[in-house]
Each structure stands twice: as C-alpha cells, then as structure tokens.
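In order, the protein sequence lines correspond to chains A, B, C and D. The first sequence: position 177 = 176 (numbering that gives the first Met the number 0), numbered continuously. The second sequence: position 130 = 129 (numbering that gives the first Met the number 0), numbered continuously. The third sequence: position 101 = 100 (numbering that gives the first Met the number 0), numbered continuously. The fourth sequence: position 34 = 33 (numbering that gives the first Met the number 0), numbered continuously.
Think of the hints as simulated: they come from the structure by calculation, not from any bench. Hints may be right or wrong, so weigh each one.
What the hints assert, rightly or not - One side of the interface only, derived from the structure: several residues of chain C facing chain A at Cβ under 10 Å:
1) Thr38
2) Phe193
3) Phe197
4) Glu227
Said to hold, decoys possible - Straight line, CA to CA, 20 Å or less: simulated EDC-like cross-link-like pairs of lysine to aspartate or glutamate:
5) Lys198(A) to Asp226(C)
6) Lys13(C) to Asp34(D)
7) Lys198(D) to Glu227(B)
8) Lys250(D) to Glu111(A)
9) Lys13(C) to Asp226(D)
10) Lys250(B) to Glu264(C)
11) Lys198(B) to Asp226(D)
12) Lys250(C) to Glu208(B)
These numbers were taken from a predicted model, which means no experiment stands behind them. For glycine and all other residues, C-beta sits at the position ideal for the given N, C-alpha and C.
Number of protein chains: 4
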Amino acid sequence: MENAIVMVRCPDRKGLIARITGLVSWLDGNIVTADQYTTALEGGFFYMRLEFCFQPALTGWDRVESAFAALAVELQGECQVHRSGVPLRVGILVSKQTHCLADVLFRQSLGELPLTVAVVVGNHPDGRALTQHYGVPFVQVPATRENRAEAEAQILRQVSGTTDCLVLARYMQVLTGDFLQAYGRDVINIHHSFLPSFKGARPYEQAWERGVKVIGATAHFVTEDLDEGPIIEQQVQRISHRDDAETLKRKGRTLEQVALAAALEAYARRRVFRHGIRTIVFD
Amino acid sequence: MENAIVMVRCPDRKGLIARITGLVSWLDGNIVTADQYTTALEGGFFYMRLEFCFQPALTGWDRVESAFAALAVELQGECQVHRSGVPLRVGILVSKQTHCLADVLFRQSLGELPLTVAVVVGNHPDGRALTQHYGVPFVQVPATRENRAEAEAQILRQVSGTTDCLVLARYMQVLTGDFLQAYGRDVINIHHSFLPSFKGARPYEQAWERGVKVIGATAHFVTEDLDEGPIIEQQVQRISHRDDAETLKRKGRTLEQVALAAALEAYARRRVFRHGIRTIVFD
Amino acid sequence: MENAIVMVRCPDRKGLIARITGLVSWLDGNIVTADQYTTALEGGFFYMRLEFCFQPALTGWDRVESAFAALAVELQGECQVHRSGVPLRVGILVSKQTHCLADVLFRQSLGELPLTVAVVVGNHPDGRALTQHYGVPFVQVPATRENRAEAEAQILRQVSGTTDCLVLARYMQVLTGDFLQAYGRDVINIHHSFLPSFKGARPYEQAWERGVKVIGATAHFVTEDLDEGPIIEQQVQRISHRDDAETLKRKGRTLEQVALAAALEAYARRRVFRHGIRTIVFD
Amino acid sequence: MENAIVMVRCPDRKGLIARITGLVSWLDGNIVTADQYTTALEGGFFYMRLEFCFQPALTGWDRVESAFAALAVELQGECQVHRSGVPLRVGILVSKQTHCLADVLFRQSLGELPLTVAVVVGNHPDGRALTQHYGVPFVQVPATRENRAEAEAQILRQVSGTTDCLVLARYMQVLTGDFLQAYGRDVINIHHSFLPSFKGARPYEQAWERGVKVIGATAHFVTEDLDEGPIIEQQVQRISHRDDAETLKRKGRTLEQVALAAALEAYARRRVFRHGIRTIVFD
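Just chain A, with the same shape it has in the complex (with noise of 0.2 Å):
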C-alpha cells in the first residue's frame, strides 16, 4: 500500500466532494483524510487536500495520475498528485545568523519533516560547518546590493531543477522579482516580526521602541512586496518591560524557529494552499 496526496483547486460547485471522493473510490483507494475549504457560499474557490491509500500494483500510479488530470480538465482548476514517500527538495538561503539552518537541518536529521535539504547557500560562510555536519552541500555566493543580478544568477544555477521550493532561513537580501519568476516555485520566509507589525528592518529595535507586550514571528510566501506575502504561520511570545532589543532577539529566535519549522512542515505535507495573500492550511 502507498499514500497518495491530491491537491485540488477548483471553482466552487455543488457535488464536487462527492465527485472527488467518488474517483478514489473508483481508483479502490481508501481516503486516509479529506480536508477541504470553499471562500464564499457563492461563486467560491474550492480547495481540498486529500490523502489516500491504495496498492499501485493493482491501480498504477499511472492511472491514478491520469484520473486526476481527466477530472482537473473538468473542473476547470487543478489536481496535483504527490506520492507522500518522496520527500520535498528544500533549498536554503541564509546569512549570518544561523539558528533556523540549525534546527531544519537538526529536524531533517530525525527524519520528522518529509523533506530532503538538497543544498544551503549563504552570502558569508556562517553555517558552512554545520552545514556540512549534516552531509548537506553548502555553497558561498557572496551577495551584496552592488552584485545582487550576478548573485542571483549564481544562486539560481544552484536551485534550479534540484530544489522544489526554497527557504529564507534569516536571508538578508532582497530577492528581486526577476529573481522569483525564474526560480518559478514557492519561496518561503521567516520573517522576525508578528507581521504586519514592524516591517523592513530591525523589526525587534521597532518592537522594542513601540513598548509591545507580545513578539511575534512569521512564516509567509515571498512575493515581489517586501513582507506583504501570503502567512502561512505566526508565533508569539509574551515579553515585558525588563527586556530589551538584545532580549527580544534571543526570545525571537526560538520563535523564528518554530514558526519556520510549522510552516515548512505544513508546506512539505501539502497542507498549505494560496488564495491571493491569503493562506489555506490545513491542520
């Protein structure tokens, strides 16, 4: 037996769940979850995950894969179809601060994220050891504002066709829109901030200035709006009038990393649509 992880999207109609689940009956799967999610009583959008079992030597996953591409042309939308067994390719990007690669590359080790790191670049050579510890390739591309067009180039040839989505895991730089149509796949950040409080820079500085009594971190799809992407996760954290911005930054790491870490592990299961800025996840 083998799982098997559609992800549909549709214009919203009447009968669509039971027409879906009706084709992996017809498939002899046996659904293992169902989770769907429809915008708007009228004239939604129509999202499902659904995972289920069955035994490709009596259907194939040639036909399973073909039964979905029937039903998506008659939906009118889509339906990708993941074998759960193959683990997700990440690619990381990272700078100086270190304690996001630290902890994905740690989960990975243990096998708890269905996802494979296929390479870790960095604009300095923080991280290179540990990096490597891990078994994991990790490659320097220096990137500055002066060199950003031949960086990016640089960091391209390292992600393209190896990688099937990529991770910000503290990444300083700014990827340009160029950059993100010719990557063509989800790009996914930590920012260090409960967004949409305190864009930009120096979030904690700002949480600090402006007195907060919670802190927050965020995980959100990067789009060419800086910090304006779609969420996909957010922690938070009480703090108090004794902590200061170098606190707030110690505090903020583990919330960095755990927001990270839910968010790629959402993302890796599938569980995770965009709708416009929005995000669906399902638990």
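Go by the hints and put chains B, C and D onto chain A.
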C-alpha cells in the same frame, strides 16, 4: 435556504465519504463544511460532521431526515440530523461561584452561542438575581450529601424534557450514576484544573502546593468516574512563585469561563463527538 | 496593620533602593513586595513600587505621607502614597458593544478587582439595564461627530472629581485633546487589534483581509495620537483560514475582556508606570 | 566595571532589603536589578537576587566576598556571590534522543546561554558526532539497570569537580540517591509531560490515551522521588484528536527544547531558588 447539520458515526469502510456526500447531492444540498475523522486505518470507527444548505420548500426536511435515517441503517451506525437554526436547550447547575454562569448568560444574550439557557438550578441562592436579569428562570434546590436522592429527583423534574444537555457551571455536588442514567443526555462539567492533574477537591490549593508553573481548566463530559470523563477543551495560563492559592483562583476564573464557553460553543454547533474516553472536536 | 503602596519615580542614582527601603524601616514598616526598574545603567530613570505594612495607630498615615513627600523633594522625583484598602474609582465610557462593560462590572461585583465603578456613560442606551443591575449609575450622553464639544462637556461633568481614571470599554467616539487635558487623569482604552497592526476602524476586517494567523487585543493609555498611546497589556489567540470577520469578532471579544481586565487590575494595584510611549508593569 | 550577582537566602525580618542594599552602597556598587520574595508575611523565608556593578580595581572582589560572608552570618542564612562573567559549567547526560542536547549545544555556541558545556556523557553513541562538532568532549558510559553502580561511578568521575550542575537531556536511566548525594550539586531533568500528569514512562502515550487537549514538558530539579522534584519551567501546546502518540512526540520535542533552554538560562543567570518542593524563579 436553510442549513442542516448531520452527525455521522459508523464503522469505517471504503467509499464512505463518497456515499454520504453523494446523498447530499441527490437531496440537492450544497455542502458548506465537511469534517471527518477515522480512529484507525484498519477496523476504525468513522465520524463525520456535515453542514449543507438546501431549499426546504423544494426538498423538505422530512425527505432529508428519512434519507439519513435510511443511510444510518445502511451504514450500521447513526446519522443525526439537526436544523442549524434550532438552538440547543441548556440547563445549568450552579453553586456559590457564579462566574461561569454569568459568562454563559451574557454570551447567550449576545446571541453569540447557538443555545438557549432553559433553566438555572442552584443549590444556593447565589446567581438568582443575575439569572433573572437575563429573563431565565432560577430554581433553588438545596442539595447536600444527606438529601442527594431527593434533590436529584427535584432537579430531574426541572430539566427532563426541557433541556438537551446539562452544564455544571462550578456545581459542587457530585451527581450519581442513577441521575446521569435517568437524565440520559450529555452533562458537561468545568473542572478547575488541568486534568488529569489535581483531580478532586481544592485543585488550586493542590496546584500551589505542587509548585506548577502553569495552571489550567478543563471542560469535560461527566461520567460516573469523577473527573475522568472525556475532555472537550482545556485552557492554560502561566503563573509564578508570586501567586498564591487566592490569586490562582482569581486567574483560574477566566480560564474556567473561556474553557467552558469554547466547549459549549463547539457542542452547540454539533462539533463534538465522544469516542470512549476521548473526544473528536472539529474546528 | 494596614498596607501602603508607594510609587516612586525619579532620576536614577547610586543607593536609591537602600535610601527608600531604609525610610520604610525608619517608619517601622515591613516590606511586603518591592519592585524596581531602571531604564538605563547610565543616566536612566528609576521606577519603584513598594508595598509595606505598618501600624497606623503607632506610626500614623500623616507621618508616612509627609516622609515620602520629603523624600520626593530629596530625590527630585515623585513618591505617591496609596492606601491599599482604598479602591480606585473608575468611570466607564461605552457604546453599543457591552461585553467589556459586563466583564468589568461582574469582576467588580466579586470584589476581584480593587476598584469601584463610579459611573457608566453610554452614548447609546445599551448597557443601561446591566449597569443598573449592579447598582451603578448609568448616564446616556449621545455623542456624535457633530456635538462632540457639548457631549464631552457633559461627560466631564459626570466624571470630574468622582473618578480616578476613565476606561473606554469599546467606546467608539474619539476623545479630543481638550477633553483629555480637562480631565487630567489617566484614560485607558481597549483596542480590538494587536497594535501597532490594524490601527483605526474595523480592525477585525483588516486582520481577516491580511490573512494573519493570530489576532490580538491591546489595552493602552489614551493620548492625542489615536491608537498610539503606551501599551499596558496585549492578549493574542490563534485563528485559521476557517475564520471570517464575524468569528474573529466573536473570538476577539474574549481577548478584549481578558486584556482589559488584566490592564485594569494591574493599574488598580498601582503596578503600572508610564515612561514615554512605553510602560513598566510590575507582575 | 564588573557585575556581581548575589543570591541571599535567610529568615525574613524587618529591614532586610535596606540592610542588604545598604551594604552594596557601602561597597560603592550600583544596583542593576534586585528581586526579592518572602514566602510568608509572618515567619517566612526571604530570597533575594541582587545584581550590581562595581569597580574591582577600587573595591576588590575579596572585599565583596568577605562582606557578604559576614552578612550571611549576621542574617543566619546564605549569601552566595557569583561573578556574572564566569559561565556555569554544565555536564549533560543523554540517551538516544538528542534534540535537547542539540539545542543546548547550539545555543551555547551562539553565546546565548551564560554557560559552558564541559562534557557530554551518553549511555549510547547517539549524539557523539554532534557533540564533537561543537568541540565538546563526549564520553560513552553504557548504563543499564544491571550495571548501575559501576556506571554511576564512571559518570561521577567525568563530572565531579569539573561541572557546577548536571542536565539530564532525555537521559532515560534513573539516578540513585547515592549518586545525587555523591555529586552534591543540582541536577536538572527535562520530563516529557506536564507534571504532575503522566509521571513515569511513556508520557506521550499516556497523554494520548487520556485524550487531553494540551500537552506539556517540565524542567525540574532531580530528587530521589522520581518526577517529584521542584519544577523550574513548564511549556504547553494545544493538540487535537488528529494527533496520535507519534505526532505528540514530535510536537513535544519542541516543548522539551524550549522548556529546558528556559530553565537552564534562568538557572545559569542565578535566577532560580529552591524552597522545598517549590521554586522561586525571578524573571
């Protein structure tokens, strides 16, 4: 258009979701939300909550009800149909502490909870004025260890037939198995600890003595085994060495209110299923 | 034995704690709790909250008060002496949403908060019956953008001299700088978002549109800059894609109640100090 | 300028804070933070943590130390003086699960925790490579129920004199009372449940079976009574019916890391006092 909520419980088997959602299509219903859970991949039990809208003028509630009654037979399980516009009728039992009572009455008055408080029974006069302020009948039934049988008979007369469930809103008397059986419907209690820690009497004192750093409150179904019933909801809060049993009680009051309100809302929206000592609570 | 609470604010310098606690010894007081905070190691400002018990029959409140008045001069700062048994007199302003009002009135009725609600002013009739149920006077002062000056004058007559602070319990009119200056005491507001996110009107709609995964509520001092005053307390809660603006409002109500109650309790226990746009809140 | 941290423990009496802070003034120290707690108004015990900066070139560490040694005699208690620049030396014991070890080693490498890991002892080889990656010695001491005495003797040789405290980072062997007495310093354990719930073995399985809606992790001092020692820190997280024992373990790992890191940081900063079965942890 009206909304129907169907709660399905039956042994798991292939094709269940397709079968059930197909029936909704056949009834010309449009699924608003569907949640399901299977307790085990092999030989498990299947739980589903289905909310769909349809036109009673065309399809008729009768036809919906008889269709699901027939389905229940087919599935060798249960298919309860609820009209989402019909509020749950709740009876509340209370002693001297009235914060949970006050909270439920106020939320009901906002129309926030899909329920109606039918009657409040107190074994003390506390809560009478507030209950009557909200236009709800208050009946005092002094209950002690000595007059238990008589008191329970009196309570039963107040709540039988007129309530769909009972809520023990810090009711400090134990209900006997005989009472629970005679009442025959769900009874929900709010216990002032993070169960299974600190069962029984004086949980805040117990928590203080043990020196925990987090306290909690637990809403659960009442069974004959005191403080051992299936848990619906838990709320927790950090405390410190500065707290004593008195401040724990004060902080705990908010936890109790929030946990009970969340449990009641989920229950009234038909989101809660009991499965042995465990519960399934759909978001 | 009675308890005195002293709030000290002065420029920091060596030996302050020894000087102040030495004075308590000299007054034959026994320190119950002492909290202090210095804003910076060099050239900082010093805040201290000191609670001590003493025998008024022996030492006399006069002597305590004049001793700290002299100390204030010596320290070139302030030393406010409060009698812990004297409750804070609070005026509440409310509009149509009464959940925060209901919560404060109920907690006051329990004796949980060391405060007395002196008067409730509503610009609508909502909340009148509940307020009167608790034996508190309710005055309706219809306030709109058009009659602002007149309405504020009326409110001022209700609260001047009879209240120590004002609470805006979801009061939807902006108070002018003139009013704030004329009142001359602290005004605390509960804002229904996690400030500084979603300032201004309709914050739950803003939060829904941005697609955040956590919502919040913020209790803060009112200043002339709308939603920019010093933050006293923030509460947050996870949400999901299933929530819409309506369920956010419902979930937010509990956050607002809890944040306001916590802020008021801290304030009434004299645990809150303002320092520019920031606050010091001793646990 | 250097910082001294003084931990005072003594019977409570009038004028203590003035006496102790007066001594700091006399030593030409400037108090950075002062926290104190009294266990009871009458006949209580007094705990104080005092951090002050001073000029060793002028005052001398000797003079500071002898002044507080004399004070301890006067107060019939203890006054430990720590140099804040001297890190705590920690020995870590580990079994097969290395997530807490990895977290502490990484945080230490950032300089985030004011401690040095002196040695890691494992009863399995797991964790060796990672430990050595961080340049810390790893010693394998196979420990089973059968060879307990011998294994404990071996461990003792590794940690006596070279460590100020031991951390059981998911070490699955019980330490005997003899070992604890021979070691003579604090031993901190991370237990993978919200104590006092689910003591003993397999707590995540126990939690799943009981059907709780929140899980936790507890960092506590080790005593001869298993899982009964004074609690330093607890972390909790919501779960749902969708979780099984496996996902609880995965989610619990983060709780364990965070709880242990917080406890260790508080301990290393000398913020933790034991008082019987309870702890005082200054923020």
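Consistency of the hints with the structure:
no. : hint                   : verdict
1   : Thr38                  : holds (9 Å)
2   : Phe193                 : holds (7 Å)
3   : Phe197                 : holds (8 Å)
4   : Glu227                 : holds (9 Å)
5   : Lys198(A) to Asp226(C) : holds (18 Å)
6   : Lys13(C) to Asp34(D)   : holds (17 Å)
7   : Lys198(D) to Glu227(B) : holds (17 Å)
8   : Lys250(D) to Glu111(A) : holds (10 Å)
9   : Lys13(C) to Asp226(D)  : violated (45 Å)
10  : Lys250(B) to Glu264(C) : holds (11 Å)
11  : Lys198(B) to Asp226(D) : holds (18 Å)
12  : Lys250(C) to Glu208(B) : violated (33 Å)
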